[in-house]
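Protein sequences, first through last, are from chains A and B. Under numbering that gives the first Met the number 0, the residue at position 187 of the first sequence is numbered 186, and the numbers go up by one with no gaps. Under numbering that gives the first Met the number 0, the residue at position 145 of the second sequence is numbered 144, and the numbers go up by one with no gaps.
Because the hints were derived from the structure by calculation, they are not lab data. Watch out, some of these pointers could steer you wrong.
[Said to hold, decoys possible] Below are the DSS-like pairs computed for lysine-lysine, each with C-alpha atoms no more than 25 Å apart in a straight line:
1) B:33 with A:156
2) A:156 with A:179
3) A:122 with B:33
4) A:179 with B:33
[Unchecked claim] Chain B stretches covered by chain A per the calculated footprint, using a threshold of three residues with CB under 8 Å from any CB of chain A:
5) 30–38
6) 136–149
All residues carry an ideal CB built from backbone N, CA and C; glycine is no exception.
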Amino acid sequence: MTTAGPARARRAQLRQPASLQQPAGGAARAVRAEAPAAARADAPTHIRTDLRALVLAVVFGAALAVTAAGASFAAAQSTTGGASPAAAPSAAAAADTSAAASGTAGSGTAVELSDRAYAIASKLRCPVCTAESVADSNAQISAEMRTLIQQQLDAGKSEAQIIHYFRQRYGDWILLDPPKRGVHLLVWLLPVLALLGGVVALVLLVRRWRAAADEVPQADPEALARVRRALARGAAGSDGGDGEEHA
Amino acid sequence: MKRLIAVIAVVAVLGGLFLYGLFRGPPNRDVPSKLVGRPAPDFSLPLYQRYQKEYGTTFKLSEHKGTPMVINFWASWCNPCFEEAPLLQAAYTRFHDKGVLFLGVQTQDRGHYDAGRKFISRFGYTFPVGMDNDSAIGVNYALFGVPETFFVDRQGTIVYKQVGPVTQSVMTKEIEAILQ
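So here's chain B without its partners, still in its complex pose (with noise of 0.2 Å):
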């Protein structure tokens, strides 16, 4: 009798893995960056043309250092990146004259030019916006998706990543925390 128990226990236990396995939803999502903590890796970003005449035709990362920055991934055809757009252009007419400097990266979106430029004039960026056209710059950020935004400390280290469209209180609190 003992020892029927114990199978049972064994294959109850068992079988509830396997049952939790296959009914517990959607996976987390929530993988930990492996850049976090570390310094924002250097880029030369192609930027488009309506911000050329205030930032250059590319925008370097290592000639802002000592700048905090927020530097937003985002694609044309990517539904949260509209959501969260609004968002972040209300949050730089806010901070901007705090010293904090954002960057609109449009990845994953190869050759898509003219999509891009219709997602900034309908948000009215007036961040600079540029073009990762191979999407190298987001492999070196180690993009799962988009979009993704980087909150970069003054001294040029990523602080904070946030996977999914931003939200008001985390930009509020990211941000304060990167002009420390």
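Chain A on its own, in the form it takes in the complex (with noise of 0.2 Å):
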């Protein structure tokens, strides 16, 4: 902004001998005509700088959106990992979950959740579902599950050791969120990368943008001195003809 003052009195600096010297007849027609050509000359820049900012814009937020998408599909290919044919069964296991439960055979009944136990599993993948949790399936899997996490709570395991329980069987596919190290870090850090990146780029962009606008045109000096010499001529008092000059 310090700089934003003396380059518009540059700019009127540069204005000034068509503005002030009023030239009459053809000549001062030429020289109105060249004024707007001139303002016209730094149209494209303009242009170009802003198209380039659209640009930058789309190709991060489409960043952003593929980070996402990327993310999401990873969560979603991690989900469904399973059993192929399980996908059919699960949608079964879950509308057999009401049976089940109700079901009187066997040592199973239903266990009431602590916060905590549903907390945990919270954290885990349901293994026949897409994008659910074990707290939040249906499948019977995963109410049995939610009932293994409640019993060994019960026995005094910690929260890490019954998440370490699942792991060491499922491996980190277990998890809901991939865990922050190794390839999936990735997940986590791309879209606070691309974040990053498009402020830098936003950054960069404005103070282009302020150079741009303090940039002092530079005038053709043939145009220049085509004006002064129609300027000459209409001092001189002559009455024009066609003042105007073809290059």
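Now that you have both chains on their own, put them together as the hints suggest.
Encoded structure:
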């Protein structure tokens, strides 16, 4: 902002000859015709800058979208990574859950879940569902896993121990959120990097816009000479004829 | 111009990735098992009555160490389980004399004992089958769904896990592997 004032003054200075001398007749018309042309000469630069900004915004927007989509697809992929025929059964399993829960045979009975058990279950992925946690899934295996979590809590195990139990069997796949290490770090870092990239690009763009705004347009020496000749003729009292020169 | 080409290239790559993600079809469900290469977790499985005379009321895995085993997890609501059942029985008939023991584990099927009995009768399972009523064994074996079949060698190590219905070629190949 500190350079904006002098820059405006310089631009005003440059326009001064045409506005102050007020030539008459054809020469005056020629001068008035030159001034907007000079202004138009600046236009492509600004248009290019704006276009560049637009394209960069689109690129970073796309990067963010792709990153987010990639993360969700990674999650979806790992969520549904189980037994292929289980997709149909999982629906059946969900449908069966109520029947199974009310079943009287066997040792299993419905266990009331504590908030802690629910919290742990919400960190684990339902093995037969798509993008659903063990806490939210109606699939029977999820119900059994919730019961198992509660039983382990009742047995005095910590959250870390319970999650370790499931990771030992299912690997990192069972975690609803990818672990913050190894290749999984990409899922966490890419959105942040894309955001930072966008901010940096925006800062650079703003700086470029400001530099472009401060830039003093350079007049074409030939055009300037033409204008001066025309002005000189006008000042000499010529009544003009056709005062315009055609280069 | 060069910059425009670069921008178009970046947009094309990102857009291509996005479209690939959208249209790549069903995700790959073949997640490598953490259990392959590790000792088969021990369990006690309550058997259906028809097998109790020969195998006892519960089947304890650790009591069969030294025997190559095929452990098949299934459920009475699972269509692919119906598809593979005849193959399992045929394979058991074929390899039983060679010392391979088959075990059926009905899981993710709480309380559905009648459906289990019907299933067993329908396919005439002569190998022991029991009910994992609370699916604890299934979770311990990190099942993603049913059917899943584990091939356990004489040392008690899981050498292969089949996700989905087992095929004839897989059955033959893996049984030969656990017999060695």
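Hints not upheld, ascending by number: none
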